[in-house]
Each structure stands twice: as C-alpha cells, then as structure tokens.
Amino acid sequence: MSGGALAAAASTTSTGEALQFWVLGTVAVIGALCTILMRKAVHSALCLAGTMIVLAIFYLANGAYFLGVVQIVVYTGAIMMLFLFVVMLVGVTAADSLKETLKGQRWLAALCGLGFGILLCAGIGNASLKTWNGLGQANSGGNVEGLASLIFTKYVFAFEITGALLITAAVGAMVLTHRERTERARTQREQSEARVRTGRNVPPLPAPGVYARHNAVDIPGLLPDGTPSDLTVNATLRGRGQIRDVSSEALAELAALEQRSQRWLGRKGNGTGKPSGGPGKPGTSENGENGEDGENAGSAPNPRGVAK
Amino acid sequence: MNPVNYLYLAALLFTIGAAGVVIRRNAIVLFMCVELMLNACNLAFVTFSRLHGNLDGQIIAFFTMVVAAAEVVVGLAIIVTVFRSRHSASVDDASLMKL
Amino acid sequence: MENLIGLLVAVPLLGAALLLCGGRRLDGKGHYIGTVLAGASFVIGAVLFADMLGRGEHDRALHSKVFSWIPVGGFRADVAFQLDQLSMTFVLLITGVGTLIHIYSIGYMEHDERRRRFFGYLNLFLAAMLLLVLADNYLLLYVGWEGVGLASYLLIGFWQHKPSAATAAKKAFIVNRVGDVGLSIAIMLMFTTFGTFTFAPVLTNADHASEGKLTAIGLMLLLAACGKSAQVPLQSWLGDAMEGPTPVSALIHAATMVTAGVYLITRSGAIFNAAPDAQAAVVAVGAVTLLFGAIVGCAKDDIKKALAGSTMSQIGYMILAAGLGPIGYVFAIMHLVTHGFFKAGLFLGAGSVMHAMNDEVDMRKYGGLRKYMPVTFITFGLGYLAIIGFPGLSGFWSKDKIIEAAFAKGGTEGWILGGAALLGAAITAYYMTRVMLLTFFGEKRWVPDEEGHEPHPHESPSSMTIPMIVLAVGSVFAGGLFSVNDAFLKWLEPVTGHSHGDSPLSAAAVTAGTMVVLAIGVALAWAQYGRRPVPRTAPRGSLLTRAARRDLLQDDFNHVALVKPGQYLTRGLVYVDHKLVDGVVNGTAASVGGLSGRLRKLQNGYARTYAVSMFGGTAVLIAATLLMRAV
Amino acid sequence: MSFPLLTATAVVPALGAVATAAMPAAQRAAAKWVALGFSLVTLALAAVMLVRFDPGGARFQLTESHAWIKDFGVRYELGVDGIAVALIALTAVLIPFIILAGWHDADPLESARPNRRWRPTQGFFALILMVEAMVVISFEATDVFLFYIFFEAMLIPMYFLIGGFGDRAGGRSEEETATQRSYAAVKFLLYNLAGGLIMLAAVVGLYAVTADQLGTGTFSLQEIVQARAGGRLDMASGTERLLFLGFFFAFAVKAPLWPLHTWLPNAMGESTAPVAVLITAVVDKVGTFAMLRFCLQLFPEASKWATPAIMILALISIIYGALLAIGQRDIKRLIAYASISHFGFIILGIFAMTTQGQGGATLYMVNHGVSTAALMLVAGFLITRRGSRLIADYGGVQKVAPVLAGTFLIGGLATLSLPGLAPFISEFLVLVGTFSRYPAFGVIATVGIVLAALYVLILYQRTMTGPVKAEVRSMPDLRVRELVVVAPLIALLIFLGVYPKPLADIVNPAVDHTMSVVDKKDPKPDHPVTDAGWFSYSPKSEGASHDGASGGAK
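Chains as they are written, first to last, in full-length UniProt numbering: chain A, 1 to 308; chain R, 1 to 99; chain Z, 1 to 631; chain D, 1 to 554.
Where hints are given, some of them may not hold.
Within a straight-line C-alpha distance of at most 27 angstroms, the following computed DSS-like cross-link-like pairs (lysine-lysine) qualify [unchecked claim]:
1) A/Lys99 / Z/Lys601
2) Z/Lys213 / D/Lys524
3) Z/Lys162 / Z/Lys365
4) Z/Lys29 / D/Lys524
5) D/Lys501 / Z/Lys65
6) Z/Lys601 / A/Lys103
7) Z/Lys213 / D/Lys521
From the structure, some residues in chain D lie toward chain Z, with a derived Cβ separation under 10 angstroms [said to hold, decoys possible]:
8) Leu363
9) Leu418
10) Val432
11) Ser436
12) Thr446
13) Phe495
14) Val498
15) Pro528
Chain R regions said to be covered by chain A (calculated; three or more residues, Cβ under 8 angstroms) [said to hold, decoys possible]:
16) 1-11
17) 14-20
18) 23-33
19) 40-53
20) 56-66
21) 69-81
It is worth saying that the hints were derived from the structure and are not from the lab. This one's a predicted model, so the numbers in the text were calculated from it and none came from an experiment. Ideal placement from N, C-alpha and C gives every residue a C-beta, glycine not left out.
Hey, can you work out the whole structure from these sequences and the hints?
The following block contains the structure:
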C-alpha cells in the first residue's frame, strides 16, 4: 500500500498503478455492463459486487485506505447481501426479459447515455487538472486519523445528521415491511364455513406432488388423466412461473409400471400394445384400484375450473 | 499515466449506471444501477481528494456511502412491499401516474 | 299670447296621455274627452288667429321659447315655437279638420271596443302634427315629423288582429324612416354649415352658403318630403296605409300628415331658392308623382285606394308648385288647404259608404247609392266637383293657379311641367268621375258578404254627416274665399315671398285649357262607366291597367330590389356570425385542446420515461454549462 | 376628511351582498327584501352624490386617496367626474328594478326540495349586489390598477349569474339548457378574461413607463395626465400605441365591439332577463366608460392614431348588429344584437372626438341602459309567461295583454330611438358629432336608424299583432310588481327625452375636459351664423330666388 501512497503523491502514476488501472478498470467496466445486461437479478448483483471490489482497490490506490476498506465491508459485505436477500424474496430464478416494451425507450437511452458520457468526458477533458499535489502530507498522520479529525471537527454536524438518517431509515424500513393485521385472524372453522358457503373447492386444496419421490412444493399434483393441477402449488410459485411440471415423465413411469406388473402377473402378448393405449386407460384402471384418487378425481375438474 | 483517467472511468461507470436505470424494468436491478452511479461518484470524489491533496473528498465519499446505505435499506423495503401487494418487481407495472 | 302656442300643443298631448294611460275606467267617455280637447286646441288656434289678424302684416309672427332642450357644446336645440302665417294656416287646418274628424269618429268607431285608444292616438297625432308646424327649428320639427309617423303607424295598424294592417303599418313607418334619414342628414348638414338649425338664422343666411351644400341640404329635405308625402320613389306605403280606419285615412293620409312634405319644402324655401338643382329635383318629383298617383287612381277598384292614389297625385301638384319657387309656394299651400277640405270630405264620404255597406270597399259592388244616402251623395259630389276643379269650387282656384305657375316657370321646362299638370287634371277628372259613377250611379251591384248579410245601405248618423257637410261647405267656398283679391296670397307672402313668373300663356288661356281637358276626362269616364253597366268582377284590363292596379309595380320592384336581397343578406350574416366569427374563436380553442391532447401522451406514467427525460435534461444542462464556460 | 361618500356607495351593496347571502335558506322572501333594501340605500347614496356633485366644479370631485401598495405606487384613489356620476346614477337606478324584475327568477323549482345548504335565491341576489358594488367602484376608481382589479373581479359574480341561473324558459331539455348555459358562461368568462389579461400587461407596461420617466411609477390617472400636460411624461409613440391597444382591446371586448361581440348574444340569450339587463345595461357600460376615461386620457396621441380603424369597426358593429338582429329568431338574442349595434354608436361617438359625439355617447350609455332595461325586462315577462324565447311562438299578444304590449312597444320605440324618447337625443348627438368631423361615416351610420326601425317593428309585429295564437290566449297582463318595474323606466325614458338638460349639464364639463386632454376642437361651421337667436324671418325673394321676383316683404 505504501507504494500506492507514494504514487498518490506524484502527478503521474507509477507504471504499476497504470497497469493495475487498465486491467482492473476494464474489469470494472465489464462488471458494470454485465450488471445492466444480465437477465437474472442475481447475476446482476454478483457483477455489481465485482465492480465494487475493483473500485475498493482503486480507492486504496488513490490513498483512501479507510474508504477502500469501508467499501469492501459495507458495500460488498452488507449492502450487496441485502440486495441478494431481496432477490431471494422476489425470486432468485426470476428472469425479466430484456425485451423493451416502451417504444423508442432504448434508442433514447442510448442517445442520452452517449451524449451524457461524451459531454462528461469533455467536461473533464477541458477542466485544467494539471497539478496533482497527492495525499502525501494529508495522510502523513495516518489516513484514518485524518478522516476522523475532519469528521469530528469540521463535519461533525453532517456526521450526526447522517446518524439520524440511518436510524430513520432503519425504522422506515421496518414500518414499510411490517404488515399490520387489522382484523382478527379467521379461525379454521370460519374459513371452512366460508369455503362451504362459496361452494368452491369445499375440500382442502389438493396436496402437491403425486408420488413419494415428487413431493416438493413446486411440483403440481397430477389429475387422474395425468395433467398437472395448478391448484396444488403455492400461489407465489405460480406467480413466478417456477413450477416444475413432471406430468410427462410421471405418465411414462406409469406406463412402465403397468408393463412390469403385467409381466409379473404372467400375462403376455398384448403387453406391447398397452403403452400405446395412452394415459386414459391406465387412469381408469388406477381409478378402479385406489379410492383416495377417486375422490381426487371427483374434485379435480372443479378446481381446474377455478384455476383458469 | 495521468490519474485523471480515474475520473474518465468514473464518468463511464456513471453513464452506464444511468443507462441501466433507464433500460431495466426490474426495480432491484434499477437499484443496483443507482448504487453503481453512487460508486462512480465516490471514485470521482476520492480522485479529487487526491488531486487537491486534502481529505474532504474522501469525507464526502464516506457520507455518500452512508446515505447510500440508508437509501438502499428504505428502497428495498419499498420494493418488497410493492412486490407483496402486486406480485411484481417491475417498475412498468407501477404506471399509475398516467393521466 | 306666446304662451298659448305651447298650450296649443299641450292640450291634445294631455288628451293622449289621459286616454292612453287612463285605463278602462275612461272607456265610456274617452271619445268625448278626445273630441273636446281637439276642439279646445282649435279654439286656441282661432284665438291666436284673431290675435294675429289684429297685428300688422310684418309683425304677425310670434315666438315663444319654452325651455332649452339639448345644449351640448355648439349644438343648441331649444323647445321653442314659432307661429307665423304659414304655421297658422296649418294650425287652423289641422285643428279644424282634426276636430271634425274626431266628431265623425265618435259615430264611425262606435262599435269598436278599443275606441278610447283610437281617440288617444288621434290626439297624439294632433299634438305631433302641431309640434311639426309650430317648431322654430328643424330638430324640433323632426320630433313632430317622427311623432306623426308614430301616430300614423299606430292608427294604420289600429286593427292589429289583421296581419295586413300590421304589415301596412310597419311598411309605412319604415318607408317614412328612410325619409327621416334624409331629414336628419339635412339637419346635420345645416349644423356643419351654419352651426345652427333654427329656421330664422339658417334661412336668412341660406344664400351665404356654397350652392353645393345647399343643393345637398335641399335634396335631403326632398327625400324627407318624399317619405312623408308619399312622393315617388317613396310613395309605396300610402296605398297600404288605407288599411287603417277611414277617419285616419281622411285626417292623416289625406288632409294633414301627408302634406307635411309640402310644408317642409315651403318652409325651407330660402334654401331651395338658392339651390336651383334641388328645386329642379323637387319639380321633377312632383310632376312624376302627380301623374303616377293619377294613373294608379284610375285602376283601383278599392274606393279608398283610388282616393289614396288621388291624394298622391294632388300632393304631387303641391310639391310641383313648391318646387317652382316663389312663384308657387303660396299656391302650393293654398291647394294644400283646399285639398285638405275636399279630400277629407271625400274620405269621410267613402267611410260613410263603407259604414253603410258592411265595410265593403270594392266600388264594383256599390252602385246606385245616391238614393239611399243622399247626404253622403251630395257632400261627396261637392267634394268631387271641387277636386276635379269645377269652376268656382275650391279645387278650381288652387289647381288652376298651380298649372298657371307651372307654365310660368318659363322655357321648355315650363311647357313640360304645364303639360304634365294639365294631363294630370284630365286624369283626375277621369278617375274621380269613375269613382263617382261606380259608387252612386248605375244599378246596385251589392252582394251579401261572407256571413251572408245582405247590405241595406242607410244614411249615417248625424255625428258623421255633420262633419261631412262642414267639409263640403269648405270645399265649395274655401278656394273662392282665398282668391278674393288674393287674400291668401297677401296673407302668406310675408313668409314665403312671391313672384310672378312670366307666363307664356295668359291666365285665361290656361283656365280654358283646364276646362277642356276636364271635360274630356269626365266624358271618357262617362263613356266607360256611365253608359254601359259595370261588371262586378274587374275585367283583366290592359297591361297598363294591371300594372296600375299593382301600384305600377312599385312594390314588386321594392321586393325584388330591396326585400329579397336584404333577407338573403341577413340570413347569410347570421350564418357567417355563427360559423365564421364564432368559428375562428372556437377553432382556436379546439386546436389548443388538440395540441394539449397530443402533449398529454408524453405523460405515459412510466417512471423510466421520466427517467430518460431527466437523463436527457442533465445532458443538456452539462452541455449548457460547457457552452457557458467555452464562451 | 369628510364622509367617504364614494366608498360608501360601493361598500353598501357589497355589505348587502354579504347580508343577503347570509340569510338562512328558509327565509327566501326575506332575503329578497334585504337585497332590495340595500339596493335602495345605494340609490339614495347615489342621489346624494348627484346632489353634491357640482358640474361647474373641479374635474374630479368627492375624491378620496389613500396609499395602498406603496412599493408599486398603487393608491386607493376615488373620484367622479360628470360622466362617472351619470353612470353611477344609472347603475344605482337600474339595480333595484333588476332585483324586482328577477323576484321569482331564482326561486327553487317545485321538484327541487330546498335543504339547509341549498339556497340559490340568496345567492342570486347577493351576486347581483356584488356586481353592482364592483361596477360602482370601477366607475369611481381614478387609479388604473384599482380600476383594473374590479374590472376583472366583476367577471366572477357575472360568471355565476350567467352559468348558475339560466333562463328556464328554454323550451328545451334540462340538460341542453344546462350545456348551453355553461357554454355561454364560459364563453363570457374566456372572452373577458383574455381582454383583461392583455390589459394587465398594458397596466404593468404603463407602470414601467411612468417609473422610467417620472422616477416613481404611478397608476394615478390624474398624475399621469398632469405629467403629460407638464411635458414631464412623453411616451414613445410606439410604446403608447401598444399600451393603448392593450387597454382598448379589453374595453372593446367588454363593450362589445365587432368582431369581439359573439359572447354577448350567448350570454344574454341564456341568462335570465334581469341578468341580461345587468350585462348589457350596466356591466358593458364599464367598457365604453373606460374608453372615455382611460384610453383617451392616458393615450391621447395613440387614440387619435387609432381613430379611423376604430370608427370603421364601430360602423361595422352598427350595421352588422342591426342586420343580425333582423335575422334572429330568438327575442333575447335579437335584443342582444340590437345592443351590439347601439354600442357601435357609442364607440363611434367617443372616437368622433367632438363635443357632440362624446357628450352624445355618454348620454347614449345612460339612455341605452334605461331603454334596453325596459325592453328586455318586458320581454322577460313575456317569455316567462309563454315559456319560450322564439318569436315564432307568439302572436296577437297585444289583444290579450294590451299593457304588456304597450310597454313593449314603448321599449322598442326607445330602442329605435324615436324622437321624444331619451335615446333619440343621444343617437342624434352622436350622429351630428360624427358627421361634423367625418361626414361619410355619419351618413353611413344613419343606415343603422332605418335598420333599427326594421328589427324593432318586425319583432313587435310578429309577437304582438296578428291573430291571437292559442298558446297566448290565456296570457295574463302585467302584474303590479311588473308594472312597478316598467312604469318608472318608461317615465325616465320620456323625461330624459323631453328634458335632458340636467343630465347634459352634468356631463358636458367632463366631456369638454376630455376633449381638452385629447386637444381636439370641434370643427367650425363653414358659415357660422352671427346671431343664432330668434328673429322674424322674412324672405329676401330678390336675392334668393333665381328668377326675377317682386318680394312682398316691404
């Protein structure tokens, strides 16, 4: 780090820093670009984290040791994690299409961006930034001490106010996310009564998963004819479109089971034709053999009617 | 190399962030882009402090971080609430400002 | 004495106010009040007359200023009266004939439930007419001028339930208004020329002004006269005016109001004397009208319309005379007075006939009435003789003098005018004889009216006959009386001035000529209507006859030339006002609305769009700052 | 500091408005009486003003002056000259009649049950009084800014009067009436607001100019006029013209002058007859009055510069308005267009820049107010009886309701300015005044006289005469209240027509002063008559008559 400090003193940087700048700068830019171009929010978050780390390094290189550390700890550590949490909440795998819906938005954005960038660079360009009297003596007493002395003397009010701001923010976040229950929670009895009154799905909603191996919450239960019932999965998942449909393989396995059982029962000949019989046949036969599904079948058409 | 390049980098990052804000629909990504812009500013500040040889720039950057943190907290809280109410984090769905 | 002049106007005005505001409680005695007040004004007039005769020829004129009316800057109009011989003549005529006709109306309007109002209007007319002839300045005269117009409007339209009457009234007023414009412009001209419009100063200084101005004033006054006196080209209203009750026709549209034009021209003599062109115009109008009216008179079967035509023509004579300048003024007025007598008499006679025949006006349905209503017959007959200028009767004296004066104008002009006057006399004789024959001679041609009432003619009540008799007497002797050693001439000369033109023909020759044409006219009429029976329905007649029946197409002309275009113009303008003038404004509003509607689309509610605009905005700001620094 | 008469005259009706509005909903009748009472008190005050005003005295009398907004030199400055006094008197006279005529116009319909909050009647009369207050004070204000404020504020109550209390006798569906009404109200508001805002710009400009040249900016009419006279203030002609146009535009909209007139027929057609009178007889007068007081006196040069154009517009108004009046099917719109024609006359007179013209114009404002009031109110009574505004729906009324017809006829005759009734004098003066400077214009203007006769008589003939229509057969004649409204107006018409001298004497000095400010002199007659007095006239036949005459005048 001391090398960086020395470099910070000079008006031109050491080649080492130059190299570092060019390499990491590229990384940072790529990271930034990825942030805005990735379809999944998670990826964006990760890319952003990368960019921030690079920036942290640049801070250090610019002699802002404290900020560099803070950058890593606060930003990459805390804020980005917060982001990731929210992303989880909203749905990790949720990918929003990059297809633009607003007409001409993209072109305008490109235009403005380009113009803005160019103008900014022009501004920097014709600003006379010749003499770089680095941070040599500023950091002589140690960077952190320097900052501390400034914060608690010159900027003490701003500091206090930011404190207040942070507390307010915390409270605000709590208030916002906390949902006040306005009315008494309805008991199970009331709920069932309400259900009966409306006449819709009088029995409890069908459970997700059909077989022992497929009882994850994101797998819809299958109706007797093998088609999945949306009613069996959580509304949130449905909303995110994160439903794993296993109906097809379930049907295949069903057919296979059929064959095996027949082979096991010693019937031959027509077994080959069976699977081509389609799912209808086994559905009925199964209906015959197990009553729990029969009830399911009885209620099934009804829920599907509601789900649509 | 002239340290002014840091400023060019900052400008570039800021522009990218701004473009992101404009382009992306997902509120969370939007926020990330805002963060990106803030960071770009911070870089600029730090560079300036190096330019002037005093620590005020760094102080400002520090404050920026604090404020950004607060902002993120509140912003994300809002996003969560909105998502809860309308099952979507897309800013286009919240277009009730239409006349 | 001076104060009496004001009283002269005030008395009938009071009557009008009483009767019109009095309400129903006066219905019973309204007509008496009206008549008494009219009579009172006549008495006052007589008193003033006596007083005037008592004074010397040149200080006969009286003047009384009542109050200052409109004082604005240099513009000073007073309510002031001037009673000189000319005014006096009119006062006597108006109040005298007026009173008689009031009396007549008592009987004539007996069965009309709005009789009170009728008398109120009559009094109003008397007041206005007196104001007209007594005013000492043109503006006050203008008040009387329009006042009589109003009275005539109200009286023509008295039977307002008849649309024809209402229309006729409106027509009369509006045609008169055209003339009034002439008068008002004349007054303005006087004001700009002389700085005043009081008779005395204007007339005494008339010849100082430039002839152009005077001609303009003269022509404008002539326009006014044409409107009021039903002279070509503004004569079209008089025929329709006969929709009014007959006493009205007698008083207003024969004896007094329609002669106001003659008064105006005579009064303004000084101006005309100094403006020969204007005079020529006056003469031309007079000559044309006297023939025009006469021709119309020949064709009408409606007795009142025939008489109206004759009125027109007789006033033509007066205007002609007045146009001749100092040669003719006196005779114009003289004829005016005599005409007042016999024409009023004739109209009253006609009224009495109509009264007897259930208001039948078509002469072809009269016939042989002399046996049934002798008094009417005799009075009417005397009036007839007077108007055709039968030697010795009033008409003879006055009309003869006018024809003489016309010749005396001198030069070809004189010959033309004289000829016209003579021809007019012939036609007058013709159509009046026609009226006479159709009405009182031949076999009776009555038919039951719609309700099937067979008319059974009877002599009218005395309240009607007495005025007729008085007027008949007047129409017999007035002319002679006036001509006894030129009494009338001497009487008026101080006011109007007089000069004997150099007549190419001797008076005797003119008289002889008149007699001859008169005989011819009568003979023609006799040949046509006296000898052979008259068909009940009018024969189709020659082109001229048909044209004459339609007032020589005057109305058709007006309709085509003025009414129709006017209607189109107004309709067009209404459209324009709605669509164009309003449209421009509404159009602007609409366009603004449309524009804002389009701008509104920018506010699509998508945060990102706003973000872009912010983004662009910042870019622009930076650009601006850079520019500032660069500059 | 004597009793502030002018302020009182303006404040009393304002208080009346408050008091009336404050009446509880139940006491509708009481509210009416309160309103009437206050309007009568105002009338009394106006009478006192008329008495205390000395025609021969100072230019502005009964003046009051207090600093108001010091920073902008705005003062609360009141003062009346003859013209203002006459117009204030007119306003004070008309308002009681308007209130009396509109006695039942704002009664709630049977269908609408009045509740505690809903009290249109109080509102109606309160608004009328409010308008009166504002009109009076804008007649009194001699501070341009003060005038401007009330000139604009007037629009608010007028807007509600037009839009809120429409003519129920539309013969149309309730919704359509409502839409028409709001259209009319909005149109009225927009037109006048547009004019007013342009004027505001001019007012500010005036301040800037005075501040620039006098050091301290001022809005005071007198100060500015004196400064002009003293030569301390001379505007660049360009500036002056712009400012003049700014002012004139506002007044021309209000007046209304062609082609800014189209709001008037809608407004008068849709509002109730009394409100229509309020518009045309009272409020619009502020426009013409302001032309005389502000346009001419603040910007004499520009006024002269603009005269030809304005006079041509006025001529167009006269003839155009009359022609459109002839073409109307709706009684009230007909009267509205007639008013446009008359306003043309007024403006013609003002800009003729002659004593007769301007004196006539001032008298015309008063007379037109009275005559239109008479005609319009009677028309209103007629319309409420039959429930229709279409001329074609009437006929033969004269037979059924003679008094109504008679008053209607007199009002009409006044409108066509029949001699003997007040408007004749003013119209003739305007014509003479115009003629003596611009003969051609004068002659063209006379066409208006004929057209006036046409539209009035057509209206009378179609409504009053002819066979009695079935719908009007049961039409009652004027009631006592209505007679009380109409009779005095007619009496006033006749009196002012026969003996206008008192009014003229009040007005003349003010007019002379205006003329002197504009420094225009009346054109001299070509052959002025030395002795205009009366003396016996005897014809000088020899001199005059062109042919050899032996005059008898010896």
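Outcome of the hint check:
Proposed proximity of A/Lys99 and Z/Lys601 is supported: the alpha carbons are some 22 angstroms apart, at most 27 angstroms. Simply put, Z/Lys213 and D/Lys524 have alpha-carbon atoms about 15 angstroms apart, close enough for the 27 angstroms limit, and the pair holds. At roughly 22 angstroms between alpha-carbon atoms, Z/Lys162 and Z/Lys365 fall within 27 angstroms of each other, so this suggested pair holds. Taking the CA atoms of Z/Lys29 and D/Lys524, the gap is about 55 angstroms. The hint is violated against a cut of 27 angstroms.
For the given pair, D/Lys501 sits about 15 angstroms from Z/Lys65 by alpha-carbon distance, which is consistent with the 27 angstroms threshold. Our distance criterion of 27 angstroms between C-alpha atoms is met by Z/Lys601 and A/Lys103, whose separation comes to about 12 angstroms. At most 27 angstroms may separate the alpha-carbon atoms for a hinted pair to count; Z/Lys213 and D/Lys521 meet this at roughly 22 angstroms. The beta carbon of D/Leu363 is positioned within 10 angstroms of a beta carbon in chain Z (closest approach about 8 angstroms), and the interface hint is therefore held.
Of the supplied interface hints, the one on D/Leu418 holds, with its beta-carbon coming within about 6 angstroms of a beta-carbon of chain Z, less than 10 angstroms. Interface hint at D/Val432: satisfied, since its Cβ lies 5 angstroms from the closest Cβ of chain Z, which is below the 10 angstroms cut-off. At about 5 angstroms, the closest approach between the beta carbon of D/Ser436 and any beta carbon in chain Z falls short of 10 angstroms, and the interface hint on this residue holds. The criterion of a C-beta within 10 angstroms of any C-beta in chain Z is met by D/Thr446, whose closest approach is roughly 5 angstroms, and the hint holds.
Taken as an interface hint, D/Phe495 does not check out: its beta carbon lies about 13 angstroms from the nearest beta carbon of chain Z, beyond 10 angstroms. For the restraint placing D/Val498 at the interface with chain Z, the shortest Cβ-Cβ distance is roughly 8 angstroms, inside the 10 angstroms limit, so the hint holds. A hinted interface residue such as D/Pro528 counts as satisfied when its beta carbon comes closer than 10 angstroms to some beta carbon of chain Z; here the least separation is about 5 angstroms, so the hint holds. Interface restraint, the region 1-11 of chain R with chain A: holds (10 residues with C-beta to C-beta distance below 8 angstroms; minimum three).
Evaluation of the coverage hint for the region 14-20 of chain R: fulfilled, as 7 residues show C-beta separations to chain A shorter than 8 angstroms, against a requirement of three. Under the rule that three or more residues need a Cβ within less than 8 angstroms of chain A, the assignment of the region 23-33 of chain R holds, with 9 such residues. Counting residues of the region 40-53 of chain R whose CB lies closer than 8 angstroms to any CB of chain A gives 9, which reaches the minimum of 3, so the coverage claim holds. Proximity of the region 56-66 of chain R to chain A, defined as three or more residues with a beta carbon under 8 angstroms from a beta carbon of that chain, is established by the 8 residues found.
Remark: the region 69-81 of chain R is confirmed as covered by chain A, as 12 of its residues place a Cβ nearer than 8 angstroms to a Cβ of that chain, reaching the required three.
The structure is inconsistent with the numbered hints 4, 13, although it conforms to all the rest.
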